[in-house]
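Student: Take a look at the letters that make up each chain.
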Amino acid sequence: MDEMTVEVSVNGETHKGSVEARKTLADFLREDCALTGTHLACEHGVCGACTVLVDGQAVRSCLMFAVQAEGSEVVTVEGLSPNDGSLNPLQEAFREHHGLQCGFCTPGFIVSVTAFLRDHPHPSDDEIREGLSGNLCRCTGYQGIVRAVRAAAGAGA
Amino acid sequence: MKPAPFTYHRPSTVAEVTALLAEHGDEAKVLAGGQSLVPMLALRLARFEHLVDLNFVPELAGIRANGSLVVGAMTRQAAVERSADVARTVPLLARSVPLIGHFQIRNRGTVGGSIAHADPASELPAVVLALRAEATVAGSAGRRTVPADELFVGTWTTAVEPDELLVDVRFPTAKPRSGAALVELARRHGDFAVAGAACTLSLDGDDRVADAGVALLGMGPVPLRASSAETDLAGAAPSAADLVEVAERAAAATEPVDDVHGSARYRRRVCAHLLAQALGQAFEEARRG
Chain A
1 MDEMTVEVSV
11 NGETHKGSVE
21 ARKTLADFLR
31 EDCALTGTHL
41 ACEHGVCGAC
51 TVLVDGQAVR
61 SCLMFAVQAE
71 GSEVVTVEGL
81 SPNDGSLNPL
91 QEAFREHHGL
101 QCGFCTPGFI
111 VSVTAFLRDH
121 PHPSDDEIRE
131 GLSGNLCRCT
141 GYQGIVRAVR
151 AAAGAGA
Chain B
1 MKPAPFTYHR
11 PSTVAEVTAL
21 LAEHGDEAKV
31 LAGGQSLVPM
41 LALRLARFEH
51 LVDLNFVPEL
61 AGIRANGSLV
71 VGAMTRQAAV
81 ERSADVARTV
91 PLLARSVPLI
101 GHFQIRNRGT
111 VGGSIAHADP
121 ASELPAVVLA
131 LRAEATVAGS
141 AGRRTVPADE
151 LFVGTWTTAV
161 EPDELLVDVR
171 FPTAKPRSGA
181 ALVELARRHG
191 DFAVAGAACT
201 LSLDGDDRVA
211 DAGVALLGMG
221 PVPLRASSAE
231 TDLAGAAPSA
241 ADLVEVAERA
251 AAATEPVDDV
261 HGSARYRRRV
271 CAHLLAQALG
281 QAFEEARRG
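Top to bottom, those sequences are chains A and B.
Residues in the first sequence are numbered from 1 upward in steps of one, following the working numbering.
Residues in the second sequence are numbered from 1 upward in steps of one, following the working numbering.
None of these hints come from the bench; they were simulated from the model.
Take these hints with a grain of salt, some might be off.
[Stated by the list, open to error] Footprint (simulated), chain B over chain A, 3 or more residues, beta carbon under 8 Å:
(1) 12-25
(2) 31-45
(3) 63-69
(4) 77-84
[Stated by the list, open to error] Once the Cα atoms are required to be at most 16 Å apart in a straight line, the calculated EDC-like pairs of lysine to aspartate or glutamate come out as:
(5) K16(A) - E70(A)
(6) K175(B) - D211(B)
(7) K2(B) - E20(A)
(8) K2(B) - E31(A)
(9) K23(A) - E92(A)
(10) K175(B) - D149(B)
(11) K16(A) - D32(A)
(12) K29(B) - D211(B)
(13) K23(A) - D53(B)
Cβ atoms here follow ideal geometry from the backbone N, Cα and C, with glycine treated the same way.
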């Protein structure tokens, strides 16, 4: 199988690897970088569980091949919390407002909302719901998630 | 890893892309934003020996406004959404892009990718048809221009040949006293439209329609231009009731699918309603001048 080298900055650290071209960025993060916070559910771009930031923009990491991230800066959910292991204000808001039940979708939500609140610091409720529409929670715990985002926005997270 | 193995190519110029396509023919597929192609690969609905990645070809991305608006095929939908030039010169395009998928999809998804994918329910092919935009297509023999009416030839099929590449799309700039709207019905925000309508029209000094462009989403196997509605509107000064009639005639002429998302009859009724709504919005905007 043809392998290609890839060099990607992940959470500020350079990761070099040799990968098959068909390996998705999501699989590269989980298997080659051992960063399993990025979750995989549908693996065809519907659910949003695998959302990461690539060069600052939230994208589905299951819809990018690792080789396409060559030279990019990737931030995963692991890169969003402080180094001391505490939660960031958005994560705190999710905990405070019951923005997670089983938690499987949560990394995708956290990454998406991080980008969303950066670009829309004072969202209306409609904007929050539209901003969340690209992530699915199969526990259907959306009310808590909306409350968490509203609280985080109010707190300037 | 879900897609079948392929050989990955990373060209940096259009000439390199067309050379690769000439070499590999229909065993090769260009990879734009990947928001439709990669799911199809992951589900093994499609399989190619060679993927030619366009994401490292800088000349394919960018928005130029001079006389008309030229959008490079690899321009991200998110870039169009943020562009003041697009909002000013081609409001229909600016208003349609936020309806595509979700913001995470639009961060990767490209204008050219969505048009070349030619899904009959998607927004940009309808915008291309309503505005009578033109596509520039490059092959190893050179470039050619494909008018909107010749671009969409079947479901997921365009006039772009397997050894050719969509390079950019030229949208005419909105005229004075014009209005535009795209209205669609989807079960959830970002879902494919069950039905939808795009329209643009401009008025003359007597508030009569000087020019109209109408296209329908999800109403047949290909992105559809509703020429009958355009003809009905030309030279007219229609009332709201007239617009409903125009829309009902346009919808009645379509043959949409019956599927789990809606029966053909339901789609026609929804489409008529949406087109009347889109035309009403466009008129109001044009009259305000």
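Student: Hint by hint, say whether it matches the structure.
Tutor: Cross-check of the supplied hints:
| no. | hint | in the structure |
| --- | --- | --- |
| 1 | 12-25 | holds (count 5) |
| 2 | 31-45 | holds (count 3) |
| 3 | 63-69 | holds (count 5) |
| 4 | 77-84 | violated (count 0) |
| 5 | K16(A) - E70(A) | holds (10 Å) |
| 6 | K175(B) - D211(B) | holds (10 Å) |
| 7 | K2(B) - E20(A) | holds (12 Å) |
| 8 | K2(B) - E31(A) | holds (14 Å) |
| 9 | K23(A) - E92(A) | violated (33 Å) |
| 10 | K175(B) - D149(B) | violated (21 Å) |
| 11 | K16(A) - D32(A) | holds (9 Å) |
| 12 | K29(B) - D211(B) | violated (38 Å) |
| 13 | K23(A) - D53(B) | holds (14 Å) |
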